[in-house]
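Enquirer: Take the sequences, apply the hints, and build the full model.
2 protein chains.
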Amino acid sequence: METLIIYDITDDNLRNKIATILKDFGCMRIQKSAFLGDLNTNLRDKLKIKLEKILGDEFGNIQIYPLCSKCFGLRKNIGENYNVEEEMIL
Amino acid sequence: METLIIYDITDDNLRNKIATILKDFGCMRIQKSAFLGDLNTNLRDKLKIKLEKILGDEFGNIQIYPLCSKCFGLRKNIGENYNVEEEMIL
Numbered sequence: 088m089e090t091l092i093i094y095d096i097t098d099d100n101l102r103n104k105i106a107t108i109l110k111d112f113g114c115m116r117i118q119k120s121a122f123l124g125d126l127n128t129n130l131r132d133k134l135k136i137k138l139e140k141i142l143g144d145e146f147g148n149i150q151i152y153p154l155c156s157k158c159f160g161l162r163k164n165i166g167e168n169y170n171v172e173e174e175m176i177l
Numbered sequence: 088m089e090t091l092i093i094y095d096i097t098d099d100n101l102r103n104k105i106a107t108i109l110k111d112f113g114c115m116r117i118q119k120s121a122f123l124g125d126l127n128t129n130l131r132d133k134l135k136i137k138l139e140k141i142l143g144d145e146f147g148n149i150q151i152y153p154l155c156s157k158c159f160g161l162r163k164n165i166g167e168n169y170n171v172e173e174e175m176i177l
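So the protein sequences, as listed, match chains R and F. Just so we're on the same page, this note's numbering is the position in the first sequence counted from 1, plus 87. Just so we're on the same page, this note's numbering is the position in the second sequence counted from 1, plus 87.
Incorrect hints may appear among the rest.
Given that identical chains are not distinguished, each listed pair holds provided it fits within a single copy or across any two copies.
The calculated SDA-like cross-link candidates involving lysine to any residue, where the alpha carbons are at most 20 Å apart (straight line), are [as the list claims (entries may be wrong)]: (1) Lys157 <-> Asn100; (2) Lys135 <-> Gly166; (3) Lys163 <-> Glu145; (4) Lys133 <-> Met88; (5) Lys119 <-> Asn100; (6) Lys137 <-> Leu126; (7) Lys119 <-> Asn103; (8) Lys137 <-> Thr97.
Simulated from the structure, these hints should not be mistaken for lab results.
Expert: Okay, structure coming up:
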C-alpha cells in the first residue's frame, strides 16, 4: 500500500535521521519533509515503532498516511518534483 | 472527503499566501507545511486551480491527497500536534 509520511522536525540532526530511516524502508523523497513508499501493514507498523523511538521526547510531529489505490490515483501534483541532486546540498 | 495538502515552498511570501488560501478553504494546519480539510470534488478542483495560479512559474511543489474514510482512519500521528500559538511567531 502506498504510504505517505510527512514530518515537521526542527532539529537538523533528528530530521536527517528520520530521512535515513525512511530511505532504509525503501521510501522515496517527494518533498523536503515528505516521503512516499510502498509499505505493507507489517512494515508500516515497524516504521511507526522506529519513528516513535527516534522521536522520543523531542519536539516534533510525524504523520503516516496509508493510501489505497483509489486515493493514490486521485492525488494531484502541482509544480516541480523534488530534485534528488538538490538533496546533496541540503 | 478529508484532503491532505502538503507543500514545499522556499519563498516566505509565497508560502504564506498558500497557507492563507488553504485557511480560506477551511483547511486546518497540521504541520508547518501541511494542511487537512474536508473538501468535496468541486472544492478540491477549485483549490487546485487557485494553487496552480499562485505558484505559477515559481519554484516549488504542492501535492493534494484526497483520503477516503478507510485511509483516513488508518493514519498514524507521532509526537506533538502543531501548536496554533506557534504560528503567530512564524
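Enquirer: Compare the structure with each hint and give your call.
Expert: Verification of the hints:
In the homo-oligomer, the alpha carbons of Lys157 and Asn100 never lie at most 20 Å apart, since the shortest distance is 36 Å inside one protomer and 34 Å across protomers. Taking the shortest Cα distances, Lys135 and Gly166 sit within 20 Å of each other only across copies (11 Å), while inside one copy they are farther apart (30 Å). Taking the shortest Cα distances, Lys163 and Glu145 sit within 20 Å of each other only across copies (18 Å), while inside one copy they are farther apart (32 Å). Only within a single protomer do Lys133 and Met88 lie at most 20 Å apart by alpha-carbon distance; the minimum there is 14 Å, versus 28 Å between protomers.
For the homomeric pair Lys119 and Asn100, the shortest alpha-carbon distances inside one copy (14 Å) and between copies (18 Å) are both at most 20 Å. In the homo-oligomer, the alpha carbons of Lys137 and Leu126 lie at most 20 Å apart inside one protomer (14 Å), although the nearest pairing across protomers, at 32 Å, exceeds that limit. For the identical chains of this complex, Lys119 and Asn103 are neighbours both inside a copy (11 Å) and across copies (17 Å), given an alpha-carbon limit of 20 Å. In this homomeric assembly, Lys137 and Thr97 come within 20 Å of each other (Cα to Cα) only inside a single copy, at 19 Å, whereas the closest approach across copies is 29 Å.
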